[in-house]
Amino acid sequence: MATAPRFWRQNPSRYNLIGIKCNSCGKNYFPPRAICPVCHRKSVGKIEPLKFKGEGAIFSFSEVHEGIDEKATLKPYLVAMVELDEGPKITGQVIDCDACDLKIGARVRTVLRKLSEEGSAGVIHYGYKFVPVRDKKE
Amino acid sequence: MRRVAVIGVGDTKFGELWDASFRDIGIRAGLAAVEDAKISAEMIDAVFVGNMSAGRFIEQEHIGALIADYAGLARDHIPATRVEAAGASGGLALRQGFMAVASGLHDIVVVGGAEKMMDVSDIASSMIQSSASDQEWETELGATFASLHALIARRHMHEYGTTREQLADVAVKNHKNGSLNPKAQFQREINRDVVLRSPLVADPLRVFDCSPSSDGAAAVVLCPLDDAKKYVETPVEIIGSGQASDTLALHHRRDILTMDATRIAAKKAFKRAGLEQKDVQLAEVHDNFTISEILAIEDLGFFKKGEGGKATEDGRTALDGEIAINTSGGLKARGDPIGATGLAQAVEVVTQLRGVAGKRQVKDASVGLTHNVGGTGATVIVHIFRRS
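From first to last, the protein sequence lines are chains G and B.
First residue of the first sequence? That's 0 in numbering that gives the first Met the number 0, and the numbers climb one at a time after it.
First residue of the second sequence? That's 0 in numbering that gives the first Met the number 0, and the numbers climb one at a time after it.
Keep in mind that a hint or two might mislead.
As the list claims (entries may be wrong) - From the structure, some residues in chain B lie toward chain G, with a derived Cβ separation under 8 Å:
#: 1; residue: L140
#: 2; residue: G141
#: 3; residue: T143
#: 4; residue: A145
#: 5; residue: A149
#: 6; residue: R154
#: 7; residue: S197
#: 8; residue: P198
#: 9; residue: V200
#: 10; residue: H250
#: 11; residue: R253
None of these hints come from the bench; they were simulated from the model.
On a predicted model such as this, the values are computed, not experimentally measured, just so you know.
All residues carry an ideal CB built from backbone N, CA and C; glycine is no exception.
All chains, please: the whole structure from these sequences, using the hints.
This is the structure we're talking about:
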């Protein structure tokens, strides 16, 4: 499993959903990249940070029964690929939701949660997970 | 460029090889290939070894020199190169060997692949396999390697109506082929119920949708086609070789249901071979999960997008079907010692094209294809072989 510095380097993006926008083609990317894969050299100097709202729709999902590492204690847990409203897709766990409720196309939003910890007294790593967006009438 | 032939093949049984070390199995496969080619050690100009993660599986790096050393070649001081592209390490090693001979740099090249996975726990093995996908943006967020394939499977079912039973049919077919292969890790036939009642790994994928962890090695000997008849009666020519890459993370792909790297690698290999899909009688494809075989047979162009599941259900990919897929049993039943897999595919296709595959022999096989994938599709290697 990754060590603390490796996690911390990603924290600005993981905590705040900071990606980039390429002002050459207008496409958005998460996590940040130095070069736009569409525009290549034309994107140099035209990439700026973009904060994503963290809302999107389930593109696909799975209930994971065979976990790895410390997540083994949380089995089963849900993993989804989510298409953010700004375009990019990201992968993460879905919480506060039973598998039977989850559907492709269902609306979710990101929340900051504990991802893992380095042993019982070790560093705790945080990042985004998804929760369902409930209909306001409910 | 020179034309390149395979003049020798060798492999170990795949499975739990408790009594053999990494170097033992590597040498077993290599020696078998050299024996088969009827060459002697001093004729070898270079060695390439496909291996994904010896550093983590057996805490040993520097595999190229290790294998050359225990093959008895240390005093010959030949170039020995280890090649890594996760699950595609073996196929990539084969391509490096192919390029070395085609370019004229080397005449006789031994290409091997090996992985010793059973010395670590299941959890450690899963973690190592996950390192083929994006650690920082997939694994650390909770995605296992199996669950990434589960995302593909569920979406494929959603968009194309592929059924849970059709996924099972891939495993049933490959276990049937494996039952005819004495080198396979699993040699028992199974039925749909066995797959559908096996424990969930990552819904909708179950234990019998997944290839196993395995120990094993496989190797081939390459030389210029013009020299091949000096060594063997039935050389098999590598007539096409294609390699392509894509985003490391699955969620960044153009379409998670189409492995673009497969499409591009296949296109390059077919172009070089001057052949079309209908000219191929058998293919070893990268079925690390049942859904992977369905994507593979679609993206290689054997079946239309979305019709891979139905084609499997209808028996079109069986040994006696219109194209025999994974005659060895595939990764699913023959086993998947990661770095060895790409070479094991080549060994199977060469064995078939020589007409010596025994009970699993495909009738009148003259052209075969191998398809080797790294990660969830970030590296793909395709080779096309023809009996000459």
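Okay, the hints, checked on the actual structure:
Nearest Cβ of chain G to the Cβ of B:L140: about 4 Å, under the 8 Å cut. The hint holds. Interface restraint check: B:G141 against chain G, minimum CB-CB distance 4 Å, threshold 8 Å, status holds. A cut of 8 Å between beta carbons decides the hint on B:T143: the least distance to chain G is about 5 Å, and the hint holds. The criterion of a C-beta within 8 Å of any C-beta in chain G is met by B:A145, whose closest approach is roughly 7 Å, and the hint holds.
For B:A149, the suggested interface contact is upheld, since its CB lies about 4 Å from the closest CB of chain G, less than 8 Å. The criterion of a C-beta within 8 Å of any C-beta in chain G is met by B:R154, whose closest approach is roughly 4 Å, and the hint holds. At a threshold of 8 Å, the smallest CB-CB gap from B:S197 to chain G is about 11 Å, leaving the interface hint violated. The interface hint given for B:P198 is met, as the beta carbon of that residue sits about 7 Å from the closest beta carbon of chain G, less than 8 Å.
Interface hint at B:V200: satisfied, since its Cβ lies 5 Å from the closest Cβ of chain G, which is below the 8 Å cut-off. With its C-beta approaching chain G no nearer than about 4 Å, B:H250 sits inside the 8 Å limit, and its interface hint holds. At a threshold of 8 Å, the smallest CB-CB gap from B:R253 to chain G is about 10 Å, leaving the interface hint violated.
Of the numbered hints given earlier, the model fails hints 7 and 11; all others are met.
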